[in-house]
Amino acid sequence: AQSVAQPEDQVNVAEGNPLTVKCTYSVSGNPYLFWYVQYPNRGLQFLLKYITGDNLVKGSYGFEAEFNKSQTSFHLKKPSALVSDSALYFCAVRDMNRGSTLGRLYFGRGTQLTVWP
Amino acid sequence: AAGVIQSPRHLIKEKRETATLKCYPIPRHDTVYWYQQGPGQDPQFLISFYEKMQSDKGSIPDRFSAQQFSDYHSELNMSSLELGDSALYFCASSLGTGGIPNSPLHFGNGTRLTVT
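Protein chains in written order, with this note's numbering: chain H, -10 to 106; chain B, 372 to 487.
Any given hint could turn out to be false.
Between beta-carbon pairs, the in silico distance windows are [what the hints assert, rightly or not]: (1) B:Ser441 - H:Pro(-4): 21 to 27 Å; (2) B:Met424 - H:Asn30: 31 to 37 Å; (3) B:Pro379 - H:Gly88: 31 to 37 Å; (4) B:Met424 - H:Gln101: 34 to 40 Å; (5) B:Thr391 - H:Ser59: 47 to 53 Å; (6) B:Thr389 - H:Ser73: 36 to 42 Å; (7) B:Ser378 - H:Ser73: 23 to 29 Å; (8) B:Leu466 - H:Asp43: 35 to 41 Å; (9) B:Gln412 - H:Ser69: 27 to 33 Å; (10) B:Pro379 - H:Gln101: 24 to 30 Å.
No wet-lab data here; the hints were simulated from the structure.
Bear in mind the structure is a predicted one, so any value in this text is a computation, not a measurement.
No residue lacks a Cβ here, since even glycine has one placed at the ideal position from N, Cα and C.
With the rest of the complex left out, here is chain B (with noise of 0.2 Å):
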């Protein structure tokens, strides 16, 4: 079965270097939702979107933006990196935000972050 795809699976940026990080959700799912997971740390979530509008707002710093596209896929972009921001970040796919309240998340490998 297809599943959520991310890319890439590694990047390594300099600090206030920018970054894009990409998500392609499983066929048919109209929720994204994206994580961020430090070192020994728990996901966190920073945003979502449902039908290509922001959804719900976690803990993103200013210096990120997302958004949806038309073809569901979903772009998460990094400005004026700082070493804090080495992580690994998940994106994750689900149908509807609560429409079906039983839909799981289902998380794609996440794409890892280093900043030097």
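Chain H on its own, in the form it takes in the complex (with noise of 0.2 Å):
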């Protein structure tokens, strides 16, 4: 089963300041992940995905993520926060192994980050 986990319900952050957005996956066959950016009553708005390639995915909105293999992360960066960024941040992880759940996405439980001026 693919699932991922978001050990951090809340993040705090100065503007100015690096972020970071923890997540960590579990999958059979390779991973397929993703971030997805979601501002108060809107849809999902996707910023970056790892599919191969680069351990570092450069993303919309100055936004980066390190894949890590051997820890199983995935995790949300950025070098200076905005106070824009604030926003609920979902990790997500495709499924991609043949069968009837080939598509689907699983979502972590979400990130809220705050960046205060």
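Build the complex: two chains, separate frames, hints provided.
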């Protein structure tokens, strides 16, 4: 079964400081990992994905994520946080094994990021 | 760029009523997913369609049904509504179910259903 875990319900950081939102995964087969961001009463917006290749993935709005196979982690990072980054962040893994659940996206519980001025 | 369109944005229904949610995927996307997000919860997969056929089924109650039409739009029909059905319902679309494995899901802004 595929699953992701986000160990922190909330992350608070000052504007201008680096931020990290943690995610660990458990998959059978190769991991296809994603980060989405959700603003209040809005849909989930795709930030970035890891399929294969470089362990450091760059995405939208200056975000990047580091894939670490040995630690089964896919932490979301940004060198300098903005107040406008405050939102709910979801890590997700996509089931790419042949079978009825092929393509299904499994989400973590979400991490509320608050960036204060 | 065109995004996933969902309608209505908000819907208020009473218990035991029915509701129909609509989803219009991004043009050329052939796969539609439905997710339910309860208050403070992560999105839970309900059902998906690929080329107008049901491709996967998750935790969708028997009271709910869905289909994808010839123009690729999808509708989620919900009957005998219960208070616990109050949630944000998302539709997402992508290109292929694994045929193009790096095609991310693109989500609509959701329909907020309130059952009173």
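Hints violated by the structure (listed by number, smallest first): 1, 8
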